[in-house]
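Chemist: Each chain, letter by letter, is given below.
Number of protein chains: 2
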Amino acid sequence: MTDALTDVLRLPPGPVELSAIETDAAPGFDGGKSDGEAALFAMGEELSDLQERLWAERTTGSPRRILLVLQGMDTSGKGGTMRHAVGLIDPQGVRITSFKAPTEEERAQDFLWRIRKAVPEPGYVGVFDRSHYEDVLIARVRDLAPPEEIERRYGAINDFEAELVAGGVALVKCMLHISAHEQKERLQERLDNPEKHWKFNPGDLDERARWHAYQEAYEIALERTNSEAAPWHVIPSDKKWYRNLAVGQLLLDTLRGMDLRWPEADFDVEEQKRRLADGPPVR
Amino acid sequence: MTDALTDVLRLPPGPVELSAIETDAAPGFDGGKSDGEAALFAMGEELSDLQERLWAERTTGSPRRILLVLQGMDTSGKGGTMRHAVGLIDPQGVRITSFKAPTEEERAQDFLWRIRKAVPEPGYVGVFDRSHYEDVLIARVRDLAPPEEIERRYGAINDFEAELVAGGVALVKCMLHISAHEQKERLQERLDNPEKHWKFNPGDLDERARWHAYQEAYEIALERTNSEAAPWHVIPSDKKWYRNLAVGQLLLDTLRGMDLRWPEADFDVEEQKRRLADGPPVR
Chain A
1 MTDALTDVLR LPPGPVELSA IETDAAPGFD GGKSDGEAAL FAMGEELSDL
51 QERLWAERTT GSPRRILLVL QGMDTSGKGG TMRHAVGLID PQGVRITSFK
101 APTEEERAQD FLWRIRKAVP EPGYVGVFDR SHYEDVLIAR VRDLAPPEEI
151 ERRYGAINDF EAELVAGGVA LVKCMLHISA HEQKERLQER LDNPEKHWKF
201 NPGDLDERAR WHAYQEAYEI ALERTNSEAA PWHVIPSDKK WYRNLAVGQL
251 LLDTLRGMDL RWPEADFDVE EQKRRLADGP PVR
Chain B
1 MTDALTDVLR LPPGPVELSA IETDAAPGFD GGKSDGEAAL FAMGEELSDL
51 QERLWAERTT GSPRRILLVL QGMDTSGKGG TMRHAVGLID PQGVRITSFK
101 APTEEERAQD FLWRIRKAVP EPGYVGVFDR SHYEDVLIAR VRDLAPPEEI
151 ERRYGAINDF EAELVAGGVA LVKCMLHISA HEQKERLQER LDNPEKHWKF
201 NPGDLDERAR WHAYQEAYEI ALERTNSEAA PWHVIPSDKK WYRNLAVGQL
251 LLDTLRGMDL RWPEADFDVE EQKRRLADGP PVR
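Residue numbers (the UniProt record's numbering), protein chains in the order written: chain A, 1 to 283; chain B, 1 to 283.
Treat each hint with caution, since some may be false.
For chains that are exact copies, the list does not tell them apart, and a pair is met inside one copy or across any two.
List time: in silico DSSO-like cross-link candidates among lysine-lysine, alpha-carbon distance up to 27 Å [to be verified]:
no.	residue 1	residue 2
1	K199	K273
2	K100	K273
3	K273	K184
4	K33	K117
5	K273	K240
6	K240	K117
7	K273	K196
8	K273	K33
9	K117	K184
10	K196	K33
Hints were generated in silico from the structure; no laboratory data involved. Given the structure is predicted, the values throughout are model-derived calculations rather than measurements.
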């Protein structure tokens, strides 16, 4: 199922119509929730093994790394995806950056300034919880930048991402796609369950009122930045288990595609074996 | 078993004799490897729940956080502990810092300069993979600082850690305790298994030749910095499963001891429910 799943999630080139992409489907996977959870769990060992190879490779000076970009409307499950899919990977090799509203210092710089600082070092699986895409999403919907600046940013993003890819970064861009109805259910749950009150922000309802403007901003951004080097994946995310499975599978397929080998020793193994065996007694 | 395990690992005040502490025991735990692995796995849900409460609490302005300090000889399993015990926690809430030999810039500053910059923000479980203790361990064994400076550092560390604790940091200091024989086996495995060559560094054998000097440096450091506010735990670590279980249990007991509650809403819940129900249709 695995290749099928990844292929079907890859956004084809051209105009994007989000309302034509189902949010509650499980494309490329034959099975229900418990099968999906089991399939994700079963990935753990291979994910872990391949990630360790990537981690090892950095010791040879290789520039390769992964950057998972998570975008989606409020409640679409960026946090849950990190917990359940990224959580399968050794935390030593993971670097998560959550982008909030830019600070005054950040606003005084080009929009990519703070992003560049957060690009993962070689060997890491970096995760962007929101990203430079906010600068063409909320920035567009909320008029936080002039139209000509927003327009400029699509190209700047493509140039930036092409530069990352050329520098050894495997980009995995995911839009977690939920329906307006599903968002309502999830916000309701955050209001009904006192253990989830801390996740709710009254401002979320102000953003929700602009749902269609956001969907349109996503459609434009997805189309304009769906490059060959760094394509988008639209993940049906009403089913949390499918969302987690899909992102786990994308990470796994990305690692598989890197043909990762264990580094060769840069020392004389036999000599070191002799040193260990014959070396001075520990003192 | 759990309280027993934590209590027994806590280093009592006074002089420390590492050779009197067994490295291959499993104190406070009745069971073998598979029981231990199952017990660690079984902790996952509670660990995850409590860590999310800590994470939630930060939204209220609480300063509380955890800092796990991992020290130990080469091959003692700092990496494995992070993978298997810290790996049970949501990676969003984890910040790992690995301290290598200080850079020239870092050496020009007080030894705590780079450490302070890595103290986790409120809400996080921070992990130090090596730490400021290297500045009284390798620094002592390798004469990297004058004796009077090493001497000064024990007090500076106690002051620094007391300040952290006063600032809301729950410190969990662990020395992963292995035998010289076990280290030899593990280095041998790194040499015998080509998939582990990348983990081996010929310099490890130079350090191994100073085993007893390191043990002595540890004994002094442990005694001098085993404060009430930030006590040490010596973890028998020849058994990897026990080491992982013990550190997992220490994290769990620390979180349990924090009496973490879900934050209360800082908004009118009923008003927001009305807004969600009656609000403008999404547009």
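Chemist: Can you give the numbers of the hints that this structure goes against, from lowest to highest?
Modeler: As far as the earlier hints go, 4, 6, 8, 9 are violated by this structure, in ascending order.
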